[in-house]
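Trainee: Spelled out from the first residue to the last, the chains are:
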Amino acid sequence: MSELRFEDLTVRYGATTAVDDVSLVVPTGRIVGLVGESGSGKSTMARAAVGLAPVESGRILLDGEPVPLRGHRRPVQMVFQDPFSSLDPRMSIGESVAEPIPRDVRRAARRAEVARLLDLVHIGSARADARPSEMSGGQRQRVALARALAAQPAVVVADEITSALDVSIQGTVLNLVRELQAELGLSILFISHNLAVVRYVASDVAVMHRGRIVEQGPTAQVLATPSHDYTRDLLAAVPGTTRRRSPR
Amino acid sequence: MTGTPSRRRHLSALRTPLGVVTALLAITVLVLAVVAPILWTDSAKAVDTDDILAGPSAEHWAGTDNLGRDIVFRTLVATRLSIELALSATLIAVVVGLVLGVAPQLLGRRAGRLVTASINIAVAFPGLLLALFFAVVFGIGATGAVLAIGLAGAPSFARLVQTMVAGVVSLDYVAAARTAGVGRFRILVRHVLPNVAEPLVVNATIGAGGALLAFAGLSFLGLGVQAPAYDWGRLLFDGVSALYVNPGAALVPGLAVLVTGLSFNLFGESIAKAVGVPTQGTALAPRTVVAPRRSTDHAGPATEAPVGGTDDVVLDVRDLEVAFPGADGPVQVVRGVTFAVRRGEAVGIVGESGSGKSLTALAVSQLVDDLGQVDAERLRFLGEDLLTSDTAARRKMLGTSMAMVFQDPMTSFNPTRRIGGQLAEVSRHHHGLDRKQAMARAVDRLGAVRIPAPERRARQYPHEFSGGMRQRAMIGMGIMGSPSLIIADEPTTALDVTVQQQVLDLLAAIRREDDVALVLISHDVTVVGEVCDRVLVMYAGRIVEDLPAADLATAGRHPYTQALVAAVPSMDTALDEPLAVIPGRPVDPADVPPGCAYAARCPLATERCRVEDPPLAGDERGRVACWHAGEPIEPMQLSTTRTDVP
Chain U
0 MSELRFEDLT VRYGATTAVD DVSLVVPTGR IVGLVGESGS GKSTMARAAV GLAPVESGRI
60 LLDGEPVPLR GHRRPVQMVF QDPFSSLDPR MSIGESVAEP IPRDVRRAAR RAEVARLLDL
120 VHIGSARADA RPSEMSGGQR QRVALARALA AQPAVVVADE ITSALDVSIQ GTVLNLVREL
180 QAELGLSILF ISHNLAVVRY VASDVAVMHR GRIVEQGPTA QVLATPSHDY TRDLLAAVPG
240 TTRRRSPR
Chain P
0 MTGTPSRRRH LSALRTPLGV VTALLAITVL VLAVVAPILW TDSAKAVDTD DILAGPSAEH
60 WAGTDNLGRD IVFRTLVATR LSIELALSAT LIAVVVGLVL GVAPQLLGRR AGRLVTASIN
120 IAVAFPGLLL ALFFAVVFGI GATGAVLAIG LAGAPSFARL VQTMVAGVVS LDYVAAARTA
180 GVGRFRILVR HVLPNVAEPL VVNATIGAGG ALLAFAGLSF LGLGVQAPAY DWGRLLFDGV
240 SALYVNPGAA LVPGLAVLVT GLSFNLFGES IAKAVGVPTQ GTALAPRTVV APRRSTDHAG
300 PATEAPVGGT DDVVLDVRDL EVAFPGADGP VQVVRGVTFA VRRGEAVGIV GESGSGKSLT
360 ALAVSQLVDD LGQVDAERLR FLGEDLLTSD TAARRKMLGT SMAMVFQDPM TSFNPTRRIG
420 GQLAEVSRHH HGLDRKQAMA RAVDRLGAVR IPAPERRARQ YPHEFSGGMR QRAMIGMGIM
480 GSPSLIIADE PTTALDVTVQ QQVLDLLAAI RREDDVALVL ISHDVTVVGE VCDRVLVMYA
540 GRIVEDLPAA DLATAGRHPY TQALVAAVPS MDTALDEPLA VIPGRPVDPA DVPPGCAYAA
600 RCPLATERCR VEDPPLAGDE RGRVACWHAG EPIEPMQLST TRTDVP
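Quick note, the sequences are listed as chains U and P, same order.
Residue 247 is where the first sequence ends in numbering that gives the first Met the number 0, and the numbering goes up by one at each step.
Residue 645 is where the second sequence ends in numbering that gives the first Met the number 0, and the numbering goes up by one at each step.
Quick caveat, the hints were computed from the structure, so don't treat them as lab data.
Check each hint, because a few of them may be wrong.
[To be verified] Now the in silico label distances, taken between C-beta atoms and shown as ranges:
| # | chain 1 | residue 1 | chain 2 | residue 2 | range |
| --- | --- | --- | --- | --- | --- |
| 1 | P | L381 | U | D232 | 36 to 42 Å |
| 2 | U | P65 | P | P329 | 20 to 26 Å |
| 3 | U | S162 | P | P414 | 21 to 27 Å |
Glycine residues also receive a C-beta, built at the ideal position from the N, C-alpha and C atoms.
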């Protein structure tokens, strides 16, 4: 199991600096939550970790080594926000899950691995031939998780994986994330704008604002005694924390 | 279920009359291309020196040419060459187009740009001009013409491929494949090409029709097939010179070109229409008018009338139904919804996607799209009957008294016009203010929705506003008049939490100041519970519970209400237990089970629930539709298994 470390990372798109000299550690076997508003750079961090964003300066290390971004072995895997565009509609979910399995694995072993993964995410191996169009958003998101796990990753980056889901389905995915982390000892960078969700899954949290991390620490501590103004704003804005109903 | 959805869509192309006719024609032509030369080559070659350039007769239906050969047989036999040439030209266009179109994806950034630029330049040349140019370059003759027409068709096909490929490449599943270590070429073959194949095949079919016509043109100009070989264009060329002696000699091959070209083109178009490939704009369907339901339809109201007097009722909805045409008859998405909103009251509507909550709001605001059929026993807004036909006066009344706020503030504004102007338009249109007064009002309203420096902001374009600010401007547009009701459909779902709070606060403030009623639709029970006085919980197109917002968190009586509340993690959710989830899947509106629609997912469901649909029964605490309303649910039952596979 492995530690993912961002060291002084800067990412620029043209003139805008999306991530500005950020350092962050995802320790072995922990879930680190990354919260912030849209445009704060949290998704760019995720994309940089898997080589989908151009790194201007700084390093992204996996156990002290640069994260490999070429070739077939990719120890950092990502789960995307929108389960409706992250699965190829033409491929069965079994084929999608099989894709990242190393090429040298034999056919029978591949099939067994797909079945194991689909069982692991509670989709059931019997549904390997189903198309994404037959599944709900929550089920698709769990298939996407299985696909990420098929690459035998050391670290999984989950980018807003529940924000496109109905709240009623969100729970199944969150339960699964916690369960997988506990069973497999995965290190997970869990990105979300929802503090209640992050509080539920992450042991540590980092708050991002305008391309910088303004506060980080154990979740309970950050949420109980926030030190940065922006963190306090975020906490005050969680719906249900204050009742502002107009008097009638 | 038989066959894949895409196959069924292809077959549905054959269900239209045009699809059937053109498919049959195209098949006939292809069969002719194969069998005609085998059967009739001799007849077509037979020289009848007694009958040179003869007109139609019993022996020669369309007469003969200058060697006395039968025109009809020659036209039939020419089918093979004509089709062969057209198809080979299409093949060249497709192959070259594919290679050029996908090249930018396989090459590096710089080389890719070069290819893209060259395609763009090539597309700018007229196709026929290119064909003539290539025909001269490759020399006169069939081979030259094939190359010419093929290469002339390639740029536009390349452009099409390129655009479609670029669309697929930007999707997350391609990004996922890249992070899984799949190579560029493999991504192209596995993910990209299969997902663009359908429209490409359709466009190639249409292209084949075009190539056929182009060929006839080139041969007719004498640049294509040379004697003694003959295709339709060549026959036309020969026939025209003898047009006054025997018109049939030109008309028959001309007709063959016309029919074949049309059948390919229209067959391609009808498949395109069936599979949803855009080719050209289709005419708008006529607007459906909301029809008042005949009162004999229902013996009595299926649900209880809302509690309270009627004098201060802003919105009165009784037994609202919305249906859309489906594969097997109309699909009822909203199934008899009854509620009322009183002056200044905030009513929330919650439910999962597909529960019909948004459609209920759209039906009330007369915005259900053209395919939807809205039906109700009563639909009144400020005493005005919305079931009567649309009039200018009513549109004006709706325009000033009812405001809509949608989920995506980016698409709610016209991106090419300044915000201030768009707001002012409302007042100029509905309140008869002049330009200056309307603009002043717009600036005032932007200030009212707490947009800083409203005068400067009014002169800006939508893209210069942040998401939250656009949403506030949208609300500002709604209060240009003095609305009695604001309908907000997921107004904060696309916004950040901090901004969400500002928008919710703003809605609450507007309500307080002007006693405006609010209907807030959301899938998030916490948002609704915070803002509203009363909450309607919808499931499978029905209201299953109507309760005070204060009761939502703890005193919901319907098991679905309780499950919705329990499923959302809050800042004090226990961390050592799994979250409660609702097992199973939401009901498919096309397949609503008998009895209570929630029974399959409900921990309290009994035999009666599966057979008999519970009515929405009212009492002093609200309304609830459940045979087991208020019965306690064991925590074990609520936080059920981890899987949601039915």
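Trainee: For every hint, state whether the structure bears it out.
Mentor: How the hints compare with the structure:
no., hint, in the structure
1, P/L381 with U/D232: 36 to 42 Å, "holds, 39 Å"
2, U/P65 with P/P329: 20 to 26 Å, "violated, 59 Å"
3, U/S162 with P/P414: 21 to 27 Å, "holds, 25 Å"
Checked against the numbered hints given earlier, the structure breaks only hint 2 and satisfies all the rest.
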